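> The chain contents come next:
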Amino acid sequence: EAQVTQNPRYLITVTGKKLTVTCSQNMNHEYMSWYRQDPGLGLRQIYYSMNVEVTDKGDVPEGYKVSRKEKRNFPLILESPSPNQTSLYFCASRAIGGYSNQPQHFGDGTRLSIL
Amino acid sequence: GQNIDQPTEMTATEGAIVQINCTYQTSGFNGLFWYQQHAGEAPTFLSYNVLDGLEEKGRFSSFLSRSKGYSYLLLKELQMKDSASYLCAVRDTTGFQKLVFGTGTRLLVSP
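As they're listed, the protein sequences go chains U and W.
93 is the number that our numbering gives to position 31 of the first sequence; each next residue is one higher, with no gaps.
59 is the number that our numbering gives to position 10 of the second sequence; each next residue is one higher, with no gaps.
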């Protein structure tokens, strides 16, 4: 089954304790992206990657890092989490070849609470 | 700049028709997507428009006017399960064609 898998689904942690949210897709997609979703603000892009070892900042990259060492994985790293990073996070992927109508496929989300 | 506007909330009755509007102003345009998102779940793809006109898919249709920067999603024969948020997203031509999302329209369908 084609899917994007995020882990963990829920996490409560404390300020300053490094954490990683993993994302893996099994569709051989080149493009992967991380979003955060906050009430009244919609989905905002944090980072994206066009392929292995190619990443770039989205609209709200401060406080986050990513890596793309393998095509299927795109982890999101919070080196020193702060309460303003409490949010619902989504990983997404899509193919970039062919037509531009390729939709993004989203993971089930990770709800992070930083105390 | 980039700006996508949708109504925050709408209500409708089971069996009715509802139209959710979206207006956009983006630095580039390479298609418009509609996604459905149930509370706490992942967005799921509904429709895509890149040319002007109406695209129909079962009970759902989506319309685009590029000259007006306007789209709508039409939901017919509403069902209770259609209660969800509906996200309008424009594929930009910058940032390797990133998706710019509106804040979403929460639709409540009542019996």
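Any given hint could be a false lead.
[Stated by the list, open to error] Residues of chain W clear of chain U, computed beta-carbon distances all greater than 12 Å: (1) 66; (2) 67; (3) 70; (4) 110; (5) 121; (6) 129; (7) 140; (8) 147.
[As the list claims (entries may be wrong)] Facing chain U, a subset of chain W residues (Cβ under 7 Å, in silico): (9) 92; (10) 94; (11) 112; (12) 153.
[Claimed, not checked] Here are the simulated distance ranges between beta carbons: (13) W:157 x U:148: 22 to 30 Å; (14) U:163 x W:56: 37 to 45 Å; (15) W:106 x U:129: 31 to 39 Å; (16) W:107 x U:158: 23 to 31 Å; (17) W:104 x U:73: 35 to 43 Å; (18) W:160 x U:123: 39 to 47 Å; (19) W:107 x U:64: 16 to 24 Å.
Don't read these hints as lab results, they were simulated from the structure.
Computed from a predicted structure; not experimentally measured.
Even glycine gets a Cβ: it sits at the ideal position worked out from N, Cα and C.
> Determine for every hint whether it applies to the structure shown.
Hints, one by one, checked against the model:
Interface exclusion of residue 66 of chain W from chain U stands, the closest Cβ pair being 25 Å apart, more than 12 Å. Residue-level check passed: residue 67 of chain W sits 20 Å from the nearest beta carbon of chain U, beyond 12 Å. Look at residue 70 of chain W: its CB is around 16 Å from the nearest CB on chain U, clear of 12 Å, so calling it non-interface holds up. Distance to chain U confirms residue 110 of chain W as a non-interface residue, since its nearest Cβ pair spans about 16 Å, more than 12 Å.
A cut-off of 12 Å between C-beta atoms confirms that residue 121 of chain W is not in contact with chain U; the least separation is 18 Å. For residue 129 of chain W, the requirement that its beta carbon stay farther than 12 Å from each beta carbon of chain U is met, with the minimum near 22 Å. For residue 140 of chain W, the non-interface assignment is contradicted: its Cβ lies about 6 Å from the closest Cβ of chain U, within the 12 Å cut-off. For residue 147 of chain W, the condition that its CB be more than 12 Å from all CB atoms of chain U is violated, with the nearest at approximately 6 Å.
The interface hint given for residue 92 of chain W is met, as the beta carbon of that residue sits about 5 Å from the closest beta carbon of chain U, less than 7 Å. This hint holds: residue 94 of chain W has a C-beta 4 Å from the nearest C-beta of chain U, less than the 7 Å allowed. Of the supplied interface hints, the one on residue 112 of chain W is violated, with its beta-carbon coming no nearer than about 16 Å to a beta-carbon of chain U, more than 7 Å. About 6 Å separates the beta-carbon of residue 153 of chain W from the nearest beta-carbon of chain U, less than 7 Å, and the hint is met.
Against the hinted window of 22 to 30 Å, the Cβ-Cβ separation of residue 157 of chain W and residue 148 of chain U comes to about 26 Å, which satisfies the hint. Range check, residue 163 of chain U to residue 56 of chain W: Cβ separation about 26 Å, and the 37 to 45 Å hint is violated. Range check, residue 106 of chain W to residue 129 of chain U: Cβ separation about 37 Å, and the 31 to 39 Å hint holds. Separated by about 28 Å at the C-beta atoms, residue 107 of chain W and residue 158 of chain U satisfy the suggested range of 23 to 31 Å.
Taking 35 to 43 Å as the suggested C-beta distance range, the pair residue 104 of chain W and residue 73 of chain U conforms, at roughly 39 Å. Separation of residue 160 of chain W from residue 123 of chain U is about 45 Å and conforms to the stated range, judged on CB atoms against 39 to 47 Å. For the pair residue 107 of chain W and residue 64 of chain U, the beta carbons lie near 21 Å from each other, so the given range of 16 to 24 Å is met.
Hint compliance for this structure: hints 7, 8, 11, 14 are broken, all remaining hints hold.
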